[in-house]
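Starting from the structure of chain A, add chain B where the hints point.
Protein chains: 2
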Amino acid sequence: MSLIRLIAPSGYCVNQTAAARGIQRLQDAGHQIEHQQAVTRRFQRFAGTDEERLADIHQLASLSPECDIVLAVRGGYGATRLLEQIDYSRLGHALRARTPVICGHSDFTAIQLALLTQCGIITFSGPMLAGNFGAETLDDYTWQHFWKAIAQPRFTLSWQNAAPACSVSGTIWGGNLAMLVSLIGSPWLPAIDGGILVVEDINEHPFRVERMLLQLHHAGILRRQKALILGSFNGTTLGDYDAGYDFNEMCSLLAERFSVPVLPGLPFGHEPQTVTLPLGAFGELKHDGGTSVLSVSGHHVIR
Amino acid sequence: MSLIRLIAPSGYCVNQTAAARGIQRLQDAGHQIEHQQAVTRRFQRFAGTDEERLADIHQLASLSPECDIVLAVRGGYGATRLLEQIDYSRLGHALRARTPVICGHSDFTAIQLALLTQCGIITFSGPMLAGNFGAETLDDYTWQHFWKAIAQPRFTLSWQNAAPACSVSGTIWGGNLAMLVSLIGSPWLPAIDGGILVVEDINEHPFRVERMLLQLHHAGILRRQKALILGSFNGTTLGDYDAGYDFNEMCSLLAERFSVPVLPGLPFGHEPQTVTLPLGAFGELKHDGGTSVLSVSGHHVIR
Numbered sequence: 001m002s003l004i005r006l007i008a009p010s011g012y013c014v015n016q017t018a019a020a021r022g023i024q025r026l027q028d029a030g031h032q033i034e035h036q037q038a039v040t041r042r043f044q045r046f047a048g049t050d051e052e053r054l055a056d057i058h059q060l061a062s063l064s065p066e067c068d069i070v071l072a073v074r075g076g077y078g079a080t081r082l083l084e085q086i087d088y089s090r091l092g093h094a095l096r097a098r099t100p101v102i103c104g105h106s107d108f109t110a111i112q113l114a115l116l117t118q119c120g121i122i123t124f125s126g127p128m129l130a131g132n133f134g135a136e137t138l139d140d141y142t143w144q145h146f147w148k149a150i151a152q153p154r155f156t157l158s159w160q161n162a163a164p165a166c167s168v169s170g171t172i173w174g175g176n177l178a179m180l181v182s183l184i185g186s187p188w189l190p191a192i193d194g195g196i197l198v199v200e201d202i203n204e205h206p207f208r209v210e211r212m213l214l215q216l217h218h219a220g221i222l223r224r225q226k227a228l229i230l231g232s233f234n235g236t237t238l239g240d241y242d243a244g245y246d247f248n249e250m251c252s253l254l255a256e257r258f259s260v261p262v263l264p265g266l267p268f269g270h271e272p273q274t275v276t277l278p279l280g281a282f283g284e285l286k287h288d289g290g291t292s293v294l295s296v297s298g299h300h301v302i303r
Numbered sequence: 001m002s003l004i005r006l007i008a009p010s011g012y013c014v015n016q017t018a019a020a021r022g023i024q025r026l027q028d029a030g031h032q033i034e035h036q037q038a039v040t041r042r043f044q045r046f047a048g049t050d051e052e053r054l055a056d057i058h059q060l061a062s063l064s065p066e067c068d069i070v071l072a073v074r075g076g077y078g079a080t081r082l083l084e085q086i087d088y089s090r091l092g093h094a095l096r097a098r099t100p101v102i103c104g105h106s107d108f109t110a111i112q113l114a115l116l117t118q119c120g121i122i123t124f125s126g127p128m129l130a131g132n133f134g135a136e137t138l139d140d141y142t143w144q145h146f147w148k149a150i151a152q153p154r155f156t157l158s159w160q161n162a163a164p165a166c167s168v169s170g171t172i173w174g175g176n177l178a179m180l181v182s183l184i185g186s187p188w189l190p191a192i193d194g195g196i197l198v199v200e201d202i203n204e205h206p207f208r209v210e211r212m213l214l215q216l217h218h219a220g221i222l223r224r225q226k227a228l229i230l231g232s233f234n235g236t237t238l239g240d241y242d243a244g245y246d247f248n249e250m251c252s253l254l255a256e257r258f259s260v261p262v263l264p265g266l267p268f269g270h271e272p273q274t275v276t277l278p279l280g281a282f283g284e285l286k287h288d289g290g291t292s293v294l295s296v297s298g299h300h301v302i303r
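Protein chains in written order, with the UniProt record's numbering: chain A, 1 to 303; chain B, 1 to 303.
Just so you know, the hints here were simulated from the structure itself, not pulled from any lab data. The structure presented is a predicted model; accordingly, all values stated were derived computationally and were not measured. Every clue listed holds true.
One side only, chain B facing chain A, incomplete, derived with CB under 7 Å:
hint	residue
1	R45
2	Y77
3	G185
4	A219
5	D242
6	A243
7	G244
Derived contacts from chain B toward chain A, CB cut-off under 7 Å, selection only:
hint	residue
8	T80
9	S182
10	I184
11	L214
12	H218
Backbone N, C-alpha and C define an ideal beta-carbon position, used for all residues, glycine too.
This is chain A alone, in the form it adopts within the complex:
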């Protein structure tokens, strides 16, 4: 059983019922939840003032010895404001000495990539308190896979897609696409060569996803990777104006333009069903033209 500390560096948790349900579920499973006041904390659209949310981050440097999981309450917007003010040297020193499982996604991606870049700390892109653990119906796969990913030093994912066959290995990194792209040019985007980049987003029209992926391409970031894995991209409705342009059409353009293999269809992102991926871990990816198999290792696990 774990001591789970909540962290809320992003948006105010408008769905308080979901957050309470998430806490209850985790407690029912035998875990202890600390820093619950982060759930109700609010300043404007944020989960507290910049100072309060920054303190949540800096608290990672002085976790109680029993705390083995740090869980983001939700996404939204707010992490970007904190990036400049984080004491990475203090955090890096403390977290390298003892790294808890730090898990979240969406807006939290900015913090995760900054910790990876500045401190070399692996965090997990996976479920959050309100959206996943607090969902009206808990997704069983999401729950099971989370506990597996943070407990097993090596685990394997497989999914179907029709990309050409390939076999590569490298550092797994990525997260929310809009957040990752918002770090281009900043000191908080990891300079990873030969990596396996995994991205997802929600409520972004395929043309916006295309523009973001083209920016990664134009900035020379994609060509330095060995594979691009696409997670969930949902939440928009196509209309008459699109006239046949859709996510698949976009993928065809990417396949033409990019030299790196593009593998869509990983259940990773804002959907109820999502895998948990350690950003900064080692990945071995084999695709036979029909099934992708990704083996993940090199991340720390809970005791």
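Frame of chain A, contents of chain B only:
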């Protein structure tokens, strides 16, 4: 009277009535409009296939000697796809020999900044055929100011805002904020030091505008400028969730974070009333604490 060539490197012109009205208005004012087929051209959500839209751009290298204005039909999405395929060396050679007035905004910003970066060509961020000249009610100021900006080698703009006093000079550049930010890391964002950066956007919530401006800050681009001028930022509705967070709150944060003066309120962007600004021209900006005055010079004008 001018020979105006239309150009459509972005989205399909869904409002054909507006485009026809724009053509009629320009013709009524005595101008000739060529390449009208660009208005009705369509592939999916684009104003033609990538090849057709790219040909519109390359045609800038072989304009007829009488053509003195090139006008974008509308924005949307599509320019980003073309950036890699443009022959900048051919365009630069032809356009430096004889530079027409090239005008547009929104998605067209990507082409404009690429031409400035790769060819050193000044283009005008201003009205387009459908949205401005084809508006149900033509904005008189927009119309008058366009003809003034492209005919007078020096012109002056003034507007009200409450920023602290400042007096600076430098290269005027910018355009649509989302498009400009989408070029960070690419070879098409001009490396301008000591510039006056002018940005605008539509349908972007203040938190998204904040995130984009913070990216410019984090990437070190803002601190190399002498001033940041904010144009129109409209099109979103604030809700209960924002709880007091709005555009002005965002501006307060920017003023705290940025060392560069931030001057809001220039009528520049997607609104009916917009000024025409030559990107790459020389600007002298004086602000007395209540009124901003921007003198613009160094751009080419029509005969």
